[in-house]
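Going down the list, the sequences are from chains A and B. For the first sequence, my numbering assigns the number 97 to the initial residue and increments by one for each residue that follows. For the second sequence, my numbering assigns the number 97 to the initial residue and increments by one for each residue that follows.
The hints are simulated quantities; they were obtained by calculation from the structure and are not laboratory data. The model shown is predicted, which means the values in this text are computed figures rather than measured ones. Don't take every hint at face value.
No copy is singled out in the list; a pair is fine if it fits within one copy or between any two copies.
[To be verified] Below, simulated DSBU-like cross-link-like pairs (lysine-lysine); rule was C-alpha separation at most 35 Å, straight line: (1) 496 / 126; (2) 168 / 496; (3) 476 / 170.
Number of protein chains: 2
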Amino acid sequence: MKRIILVLLLLSACKKEVKVEAPSYPNPVKETVIDGLSRPWSMAFLSETEVLLSEKDGDLLRIDLTTKEKFKIKGIPEDRFDTLLYEKAKYRPLTFPPSLPDGSKITYNAGILEILLHPDFEDNRQLYLSYVAESNEGSTTKVIRAELENDSLTNIRQMFLATPYSDGLFHYGGGMTFDNEKKLYITVGERIFSEIHEPELPVAQDVTDRRGKIYRLNSDGSIPEDNPDFGPDAIPGLFAIGIRAAQGITKSPLTGALWFSEHGTTQGDEINLLEKGGNYGWPIITSGGYRSKDYSPPTLEGVTYTDPIWYWPQTVAPTGLTFYTGDEFPQWKNNIIVPGLSRGSLWRVQLDGQTIISMEELFMNDRQRSRKAVQSPEGKLYLLTEDLADRTNGKIIQIKPE
Amino acid sequence: MKRIILVLLLLSACKKEVKVEAPSYPNPVKETVIDGLSRPWSMAFLSETEVLLSEKDGDLLRIDLTTKEKFKIKGIPEDRFDTLLYEKAKYRPLTFPPSLPDGSKITYNAGILEILLHPDFEDNRQLYLSYVAESNEGSTTKVIRAELENDSLTNIRQMFLATPYSDGLFHYGGGMTFDNEKKLYITVGERIFSEIHEPELPVAQDVTDRRGKIYRLNSDGSIPEDNPDFGPDAIPGLFAIGIRAAQGITKSPLTGALWFSEHGTTQGDEINLLEKGGNYGWPIITSGGYRSKDYSPPTLEGVTYTDPIWYWPQTVAPTGLTFYTGDEFPQWKNNIIVPGLSRGSLWRVQLDGQTIISMEELFMNDRQRSRKAVQSPEGKLYLLTEDLADRTNGKIIQIKPE
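Just need the whole structure built from these sequences, with the hints factored in.
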């Protein structure tokens with residue numbers, strides 16, 4: 097694909113033809129860097145060649161991408177809970193079906209979720225971990241802050257707990273990112289499999305219920321004074337409501353704005369721009385359908401809803417999105433890269449301000465269930481994939497120029 | 097977006113640093129070149145700056161893209177028939193509804209269709225025109241060959257007539273292209289609005305019926321001896337069957353293979369690779385749905401069907417596709433460009449052999465009902481658009497680097 101451009105030098109001191117290699121338009125190809133991972137969910141770079149990786153069904157690992165060595169991080173809290181633990185101890189009845197209407201087996205969502213470094217990690221060694229915590233009332237999303245010392249988590253403090261605990265094993269959310277003011281944002285799903293189980297005031301619309309929301313906290317877990325006002329009874333820390341199942345949330349390198357992906361039902365998968373005080377509508381309005389044909393949402397008085405920037409006509413199950421700022425694919429500069437669990441392809445989203453002007457689906461002939469796209473400090477693009485047929489066959493894949 | 101690469105010249109005679117402009121990764125933008133067209137359908141380049149353009153609701157025009165002058169080509173056959181003529185003279189009852197189930201008004205498909213130059217046009221001045229011809233039994237697709245002299249069509253000869261004439265005003269097809277052996281290919285739609293009007297052996301599956309097929313002819317209209325064998329009763333010239341509504345057909349500059357777009361119902365819009373003797377399945381199998389929920393297709397014994405290379409989950413109404421081989425967008429080299437009537441965006445399809453490896457939807461924030469993408473002799477990309485609110489507001493738009 098490389099082209100040669102002929103450059104005629106018109107320098108008085110030196111008149112001759114010189115051939116110069118021009119940059120080509122590289123095609124992206126996949127290269128497996130690490131395999132044998134138990135459903136990797138998130139990855140944070142300690143350096144260009146060393147990462148912390150959270151396994152949904154496994155552990156928090158430190159991995160050397162060069163030597164391929166994996167080191168288990170000690171000190172994960174005792175209340176961590178995942179799908180494997182659930183399947184080992186079936187002590188709790190479930191209020192949702194064991195398989196989907198189309199007969200496909202349900203994969204529960206419990207486990208270790210996002211790993212995120214404090215913006216000042218190099219100074220304070222602080223990191224944030226979101227995971228599914230259990231109690232005898234069920235499970236829910238918890239966020240802790242810890243310090244990393246000698247491959248152990250120390251000085252652990254709880255930042256957030258999405259009570260109530262409940263027995264649904266879905267839509268914990270757990271996405272986290274920092275904005276330019278070092279505020280911490282956390283996504284929490286609504287934890288309900290079918291809308292027919294919604295209370296009269298749906299969970300994601302109830303500002304007294306922690307589920308189905310997006311939160312904004314100071315890095316120490318306290319509540320910023322300039323958070324939006326959802327009324328006197330609202331849960332502290334609320335930043336946006338009406339969320340069904342949002343995992344991926346990321347910051348625009350150009351504007352500092354936050355973008356998040358969301359799973360719908362019967363399509364309705366979305367890309368959203370996070371707005372202070374926004375109500376993203378679930379389950380009152382949706383760009384998709386409902387699991388139950390019998391469900392008709394209530395009408396809420398005097399409520400305005402924030403539309404998604406984009407929704408897909410097909411099921412994508414978009415997850416950990418990121419902005420690409422690397423140099424290997426100059427034509428992707430500042431595009432959003434969105435992986436999907438369902439189609440297993442990568443979506444490249446080109447923006448003009450907050451308007452999507454083009455969208456490309458990549459790797460259409462090589463679909464792998466993809467959890468998160470992550471960029472290295474030097475701008476290399478990585479992808480975390482999993483394989484439900486072999487839940488220990490998760491991979492770190494690098495997207496490289498061909 | 098331009099980048100500067102530093103080139104260190106290591107020529108003994110001349111050691112100094114020289115800055116060289118590297119090609120950038122240009123964004124495509126639209127520039128209206130010509131407007132005031134009556135639903136332009138096809139365009140053929142007489143030179144880099146002069147084209148022949150067919151208006152579905154109007155005339156065959158010669159247009160100077162530089163001076164913007166339009167010249168009407170005389171000698172269009174008297175039996176040409178279009179939607180405006182139909183609406184003027186409502187003398188024929190219709191067997192299909194005046195509006196779609198969603199209430200949107202039907203736009204009839206009759207008119208002038210493809211304009212195509214003979215591969216040896218510069219020597220023989222021959223061109224091919226497909227259009228909707230009428231008789232007192234109704235209308236159908238006709239292809240003529242003519243010579244262009246002084247803005248007139250002379251020495252007109254009928255190449256093909258898709259009898260029977262019928263009163264449906266849909267799916268005439270009319271797409272035409274030449275392959276590397278100078279064989280002429282013609283697409284003909286099945287001319288039925290709803291499947292409930294299909295005979296027991298559906299039109300597109302009946303090799304004794306000219307509708308719903310793709311044809312291969314010699315440039316003089318005679319039948320090549322190496323055409324596929326569809327049996328003793330088959331219509332002469334048949335190359336593929338099972339076609340619902342195909343308009344765009346184009347040749348791969350790399351392989352010489354022919355690709356065509358096809359409209360489905362309730363999604364089912366497709367990109368297909370043309371295979372000798374292929375049966376593309378309509379209406380027995382479809383990647384979309386049927387207009388009538390009451391329709392269940394018959395089962396045909398011993399028939400194998402050719403799958404599409406791609407079908408969209410959303411309605412696109414893909415039309416006149418083309419391969420891009422220009423230099424303005426190096427990253428698009430040899431991609432298929434597919435416009436759509438329904439979404440009004442441009443789709444860029446990247447192939448690895450016959451496999452689609454990525455697909456990009458362009459101009460998502462500037463949707464215009466688009467009929468055909470055409471490349472100039474020097475590789476400039478043009479788009480023909482129409483506006484149903486003002487049927488005389490059709491345009492020739494150039495896609496240029498920003």
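Comparing the hints with the structure gives:
Within a single copy, residue 496 and residue 126 get their C-alpha atoms as close as 6 Å, and across copies as close as 32 Å, so both meet the 35 Å cut-off. For a Cα distance limit of 35 Å, the shortest separation of residue 168 from residue 496 inside one copy, 28 Å, qualifies, whereas the shortest one across copies, 53 Å, does not. Proximity of residue 476 to residue 170 under the C-alpha cut-off of 35 Å is restricted to the intra-copy arrangement: shortest distance 28 Å within a copy versus 61 Å between copies.
Hint compliance for this structure: no hint is broken.
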